[in-house]
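Top line first, the protein sequences correspond to chains A and B. Per the working numbering, the very first residue in the first sequence carries number 1; after that it's consecutive. Per the working numbering, the very first residue in the second sequence carries number 1; after that it's consecutive.
Treat the hints as calculated values from the structure; they're not laboratory data. Mixed in with the good hints, there may be bad ones.
Heads up, simulated DSS-like pairs for lysine-lysine below, C-alpha to C-alpha not over 27 angstroms straight-line [what the hints assert, rightly or not]: (1) B:Lys248 / B:Lys68; (2) A:Lys7 / B:Lys157; (3) B:Lys196 / B:Lys4; (4) B:Lys7 / A:Lys16; (5) A:Lys78 / B:Lys157; (6) B:Lys298 / B:Lys7; (7) B:Lys4 / A:Lys7.
Single-letter residue listing:
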Amino acid sequence: MQNSKYKSLSKQLAPKTPILRNCVVAFLVGGLICVFGQFIQNIFLKHFNFTAETVGSPTVAVLIFIAALLTGLGVYDKLGQFAGAGSAVPVTGFANSITSAAMEHRSEGLVLGVGGNMFKLAGSVIVFGVVAAFFIALIKTLWGMF
Amino acid sequence: MKNKVGKQTLKFSNVSILSSSSVVGEMEAQGPLTKEFDELYDDQYMGKDSWEKAELFLLERSLDIAIKKANLSKTDIDYYLAGDLLNQNISAGFSARTLGQPFLGIYGACSTSMEGLTIASTLIEGGFGKYAMAAVSSHNATAERQYRYPTEYGGQKPVTAQYTVTGAGAVIVSTVPSNIKVTYATIGKIQDLGIKNPFDMGSAMAPAAADTIAVHMRDTGRQPSDYDLILTGDLASVGYPIVKELLKRDGIILGTEYNDCGLLIYDRERQQVFAGGSGCASCATVTYGYVMNQLSKKKLNKVLIVATGALLSPVSYMQGESVPCIAHAVAIERKEN
Chain A
1 MQNSKYKSLS KQLAPKTPIL RNCVVAFLVG GLICVFGQFI QNIFLKHFNF TAETVGSPTV
61 AVLIFIAALL TGLGVYDKLG QFAGAGSAVP VTGFANSITS AAMEHRSEGL VLGVGGNMFK
121 LAGSVIVFGV VAAFFIALIK TLWGMF
Chain B
1 MKNKVGKQTL KFSNVSILSS SSVVGEMEAQ GPLTKEFDEL YDDQYMGKDS WEKAELFLLE
61 RSLDIAIKKA NLSKTDIDYY LAGDLLNQNI SAGFSARTLG QPFLGIYGAC STSMEGLTIA
121 STLIEGGFGK YAMAAVSSHN ATAERQYRYP TEYGGQKPVT AQYTVTGAGA VIVSTVPSNI
181 KVTYATIGKI QDLGIKNPFD MGSAMAPAAA DTIAVHMRDT GRQPSDYDLI LTGDLASVGY
241 PIVKELLKRD GIILGTEYND CGLLIYDRER QQVFAGGSGC ASCATVTYGY VMNQLSKKKL
301 NKVLIVATGA LLSPVSYMQG ESVPCIAHAV AIERKEN
C-alpha cells in the first residue's frame, strides 16, 4: 500500500480531535488564570505599596509560585491535559515546564541533572522570545527613523 | 529445514511453557484484568528512589515469581533473554546482573516480549539447554521521560496517544513437558508506511501487525478462526480497526477472536489512558497473566500473540524520520500430555 493511501485510510479510521471543545476549554481556563492574575494584582495594589508600573513583577512571582507548587503536587499536568493551551500559554505554563523538567531530572544529580535540564522545554521559549523581541525592537526603531 | 514452514515461520515440536508471571503498577491494578496478575503495586516508585529502579524492581519480581512457579532455582536457567524501552536496555541488563545467568539483551521496542519468547523457544527446540527465560518490562514514568516530556509537564496529549503500561512479565520455556506448548513463531518484517507522529503509534504499527498475521496464516495454512484468541500487543483503539481493515483487503477476516492487549488492560471509559495501553509490558502482562491463566483453566486452547513494536527513537522523530514498525507472532496452544 502506498504511503499516501495509508495516510488517508488511517486518518479515516482514527478518532477525531475535539478541536472545538479544546478551543473553548483553553479559552475559558486561560481566561480564568488571567482573571486570577488580575485578582492578585488588585490585592497588591490595594493592600501593598505597589503602583501600576511595579505591580507586574510580584503578580507574576505569585503565579509562578502557585504553578510550581501545583506541579510539585502532581496537579498541573492534569490541568494541562484538560485545558491544553489554556494552561500552557500563561506564565503558569512556563513555570510548569521548568519545574517539571527540574523534578524529572533530579535523580541525575543537582548540577548536571536539575541544572542542566530544567530549561529543556523553557529554553526555546526564552531563545525565541529574545530573538522575537530583538526584531520587534529593530522594526520599532527603524519605524521611528522615517 | 524441518523446523521452518513458509517464508517466515518457525515450527516448534518440543517447547513447553513451564511458568509465567506478571506484575503491574497502580493503573493496571485498577483495570479490568486486576485479578489476572501475580502482584500489584500502588506506588509508582515501588519504594525506590528513582523510576528506573522501580522498573528494575518490577522486572526482578517477575523473574523471581516465574522461577518460583516453575519450582526451579536461579541457577537452573540456561539462558535469560530480556529487553525494555530504556536507553541501552538498562532494566534488562541490570536484572541479568542480579540473576547471574547467561544473558542475551534484546530490543524490539514493544515487540520484545514475543521476540524473546521466539528466541527462547528456538534455543530450547535446538537442544541448547533445558530452561530458557524471557522477560520484558516497561514503566509509565520512565517511558514518558525516554520518549516524551517530563511526567509532570502539563502538555495536552491527543486522543491517539497511548498510556505506557507499568509492569513486567516473564516466561520460562523448557523441554520438560507441560500442557501449554509454543507451536509456531512468525518473525515479522519491518513495515513503514510513512507515519511520523510519535503520538500515533497505533496507526504506525497496524501495518506490521497485519502483515505478520497474514504471513502467519499463509505459512501455517491456518485461518484466524482456528484460533480462540488473536491478540495484538499494543495497537489500542487506533490500530485495532486498521488491522481489521488491512487484513480484510487481503481477504483475511478477523472476527470476535481478535483483540488487543492495550484495549484489555485498561477500562478506557473509566481511566484516562487515551487510545489504550502500550509498552513492552502491555503484551507481556496480558499474555503472561490473563492469557496463560485462561489456557490453564482450559477456557482457551489456541492463541496467537502478535507483539507490535515501533522502532523509533526520540532523535529519529525529531529529525523527521518516519516510524519503522515490526510485529512478531507466537502461537501458544494447550495440548494435553
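Hints, one by one, checked against the model:
1. B:Lys248 / B:Lys68: 43 angstroms, violated
2. A:Lys7 / B:Lys157: 20 angstroms, holds
3. B:Lys196 / B:Lys4: Judged against 27 angstroms, a Cα distance of about 35 angstroms means the pair is violated.
4. B:Lys7 / A:Lys16: 38 angstroms, violated
5. A:Lys78 / B:Lys157: 11 angstroms, holds
6. B:Lys298 / B:Lys7: Distance ~32 angstroms between B:Lys298 and B:Lys7 Cα, so the pair is violated.
7. B:Lys4 / A:Lys7: 35 angstroms, violated
Going down the numbered hints, you'll see the structure goes against 1, 3, 4, 6 and 7, while the others check out.
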